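**Q** Chain by chain, the residues run as shown.
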Amino acid sequence: MNQITLVSRRSFVLGTGGLAALLALPQAASANEWQAALEGLVGTSSPAEGRVDLAMPEIAENGNVVPFDVTVDSPMTDADYVKAVHVVATGNPTPGVASYMMSPGMGEATVSSRMRLGKTQEVIAVAEMSDGSVYGVTTTVKVTIGGCGG
Amino acid sequence: MAAKPRVKAPKSAAAGEIVTIKTLVRHAMETGQRKDADGNKIPRDIIHTFVCTVNGKEVLRSNWESAVSANPYLAFPLKIDETSEVVFSWTDDQGETVSTKKTITVA
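Protein chains in written order, with the working numbering: chain A, 1 to 150; chain B, 1 to 107.
Chain A on its own, in the form it takes in the complex (with noise of 0.2 Å):
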């Protein structure tokens, strides 16, 4: 008898996790997924460190518009300017959040936008260099309430 209750029990577990797995869809990507989206970004997930700075929010209240702003410490010249930075959301169904192929034209080397922010996790951001070199940096952000509908 008290077997039975044992096994019913599991099987109850283990019938709840099933249902909480196939309600937890819209699945955020895995770890190879963020590395692979940023890999066919840059050509690599591992970066050098320093000359990008991400800020944003550390808790925030509303997934759906988290503000953010990407500086890249460049003189923004023909000759040493910042090509493109990519934004990756690490924790989103669809890692990639945007792309900015910049130029010389901008005079410096920052943008501003909003993104939004299924879950908490780390955001990076990565600039390619007009000399090919790669900076990025993370920075994590808490989710109250989750930004990818439902």
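To be clear, the hints were calculated from the coordinates, so they are not data collected in a lab.
All values derive from a computational prediction rather than experimental measurement.
Every residue, glycine too, gets a C-beta built ideally from N, C-alpha and C.
Incorrect hints may appear among the rest.
Over the 12 Å line for every Cβ pair with chain A, so calculated as not near, a few chain B residues [as the list claims (entries may be wrong)]:
1. 3
2. 92
3. 95
4. 100
5. 102
Stretch-level coverage of chain B by chain A, calculated; a stretch enters the list once three of its residues show a Cβ under 8 Å from a Cβ in chain A [unchecked claim]:
6. 52-63
7. 66-75
Capping the alpha-carbon separation at 25 Å, the derived lysine to aspartate or glutamate pairs in DMTMM-like fashion look like this [as the list claims (entries may be wrong)]:
8. B:41 with A:33
9. B:22 with A:108
10. B:79 with B:58
11. B:8 with A:69
12. B:22 with A:73
13. A:142 with B:30
14. B:79 with A:53
15. A:119 with B:45
With chain A's structure known, arrange chain B on it following the hints.
**A** Below, chain B alone, put in the same frame as chain A:
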């Protein structure tokens, strides 16, 4: 995406001055992840490309994914060397493009 985009830019600048441009365009930026009341997926409809040209020369091009918030806001600097006609355009998944133009005068 018929609504006219809003762009804030100065009317004039000193030669070589770096000015800040702020843009806002109305768009639902439907992610393709959401479902309607009947459980059918709502197809993705986002603005995927933004381009800014100065006197016909492309200065900033941006590719957006579904993680860009609804009614996309974008602010960026421009270095103004001469009187410039600045054109901003946004293109969405329906193939629709909206554009707007600003002139920044260098005295």
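**Q** Which of the numbered hints are not met once you compare them with the structure shown?
**A** none
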